[in-house]
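The listed protein sequences derive, respectively, from chains W and V.
Residue numbers for the first sequence follow the numbering used here, beginning at -19 and rising by one.
Residue numbers for the second sequence follow the numbering used here, beginning at -19 and rising by one.
In case anyone wonders, no lab produced these hints; they're calculated from the structure.
Among the clues, some could well be false.
Derived lysine-lysine pairs resembling BS3-like cross-links, with alpha carbons at most 30 Å apart [as the list claims (entries may be wrong)]:
#1 V:LYS100 / W:LYS150
#2 V:LYS150 / W:LYS150
#3 V:LYS150 / W:LYS100
#4 W:LYS125 / W:LYS150
#5 V:LYS150 / W:LYS125
#6 W:LYS150 / W:LYS128
#7 V:LYS128 / W:LYS100
#8 V:LYS128 / V:LYS150
#9 V:LYS125 / V:LYS150
#10 W:LYS128 / V:LYS100
The structure presented is a predicted model; accordingly, all values stated were derived computationally and were not measured.
Number of protein chains: 2
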Amino acid sequence: MSAAPTPRTEVRRLPERGSYDRDLINAILDEALICHVGFVHEDSPVVIPTIHARIGDTLYFHGSPASRMLRGMRSGDEICVNVTLVDGLVVARAAFHNSMNYRSVVLFGSPRIVDDAAEKWAALEAVTEHVVPGRWADSRPMADKEFKGTLVAALPISEASAKVRTGGPKDDEADYDLPIWAGVVPLTMTPEAPVEDVDSRVDVAVPGYVAEYRRPGTEA
Amino acid sequence: MSAAPTPRTEVRRLPERGSYDRDLINAILDEALICHVGFVHEDSPVVIPTIHARIGDTLYFHGSPASRMLRGMRSGDEICVNVTLVDGLVVARAAFHNSMNYRSVVLFGSPRIVDDAAEKWAALEAVTEHVVPGRWADSRPMADKEFKGTLVAALPISEASAKVRTGGPKDDEADYDLPIWAGVVPLTMTPEAPVEDVDSRVDVAVPGYVAEYRRPGTEA
């Protein structure tokens, strides 16, 4: 599925890197652990990192009702969400042509606060599963007080675009003859060996979904 | 050095995680490859990922004069910059207490376009060196046309705060007796083996600063 760009989501700088393909947009949203939410607060732009989770065509956010970001979402004002995965450093012969390989999504819209209990439960499960797939069923379930004390907001994924750069450096023709190394340094977000809580009282084996933790899209 | 918080930079949610220590703020800015810049464009918030570089108390950005973000910086309007390093997943016994370990900086201010040639050269060198330390001296130098075709903006690092979470899960007292594994999955941005440009014509050894690439603060 692919939607036409709007004036805000149209990739104008280096348009060959732009895409409006929904599968690509979803894959980037799902792989990225966090997003950056931009909103306007008292006439100033504010950018806050937060965890997101996607269910179908909706992006969910959660947090304390005291959070400035979520209070802003209550207003129905527009927000902008950006998700960026840095995949590598592009080391060109010319300083001017250095670049990065990346996959990025930008998303505009007006969020709504989720009041429906079933939708809110599904969103909170999705947020847990977004970060550590397999964890929701294995956790001490959310208590009623915790559920009521958490605010959930929803943003339709309708006005969105992706921007992607892959591959090696693009130098000026004459520069390929220079004795300068050029190439790419791939970067990956690597999980290290899990560290058990020093305050643990019960001896429990590390669950497989923790021991073999990988981001979706980066599985071996 | 530490500056008093302003109403915008004061960490209100979980204030024990907040810091106004300039050395900490600088270390986070220097380690992070990219930042997210928020600005207001035609009444809408917009968030764009970009490369930054710090020289002393100034953060620099660069790009094409056609970039919407840099054109916005020309206006002198306020922007917000957020830099976030995700250090680990905090897997708590209760779904409600799942968290992340992170180091984040938020920065507000009005950028200016850098017209002074010496300052602009220094900023462009800093941007290259921010991404791949050691590369500037080893690159084909920037041509006059490239220099003139690049816009550089500067933001004073004056209104800034850091927010940091470290350590293990913080569960409710009763939950420590549950037979549920809890702990932290550390995450690191790992450089893989450099991949030489397939279009290389000259046989050049991989430079040490590429072969042993590490982010500042993560050196072995």
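Verification of the supplied hints:
1. V:LYS100 / W:LYS150: Roughly 24 Å between the alpha carbons, so the hint for LYS100 of chain V and LYS150 of chain W holds.
2. V:LYS150 / W:LYS150: 48 Å, violated
3. V:LYS150 / W:LYS100: 24 Å, holds
4. W:LYS125 / W:LYS150: 56 Å, violated
5. V:LYS150 / W:LYS125: Within the cut-off at roughly 17 Å; holds.
6. W:LYS150 / W:LYS128: 53 Å, violated
7. V:LYS128 / W:LYS100: Not OK: LYS128 of chain V and LYS100 of chain W at ~52 Å, beyond 30 Å, violated.
8. V:LYS128 / V:LYS150: 53 Å, violated
9. V:LYS125 / V:LYS150: With a Cα-Cα distance of about 56 Å, the restraint between LYS125 of chain V and LYS150 of chain V is violated, given a limit of 30 Å.
10. W:LYS128 / V:LYS100: 52 Å, violated
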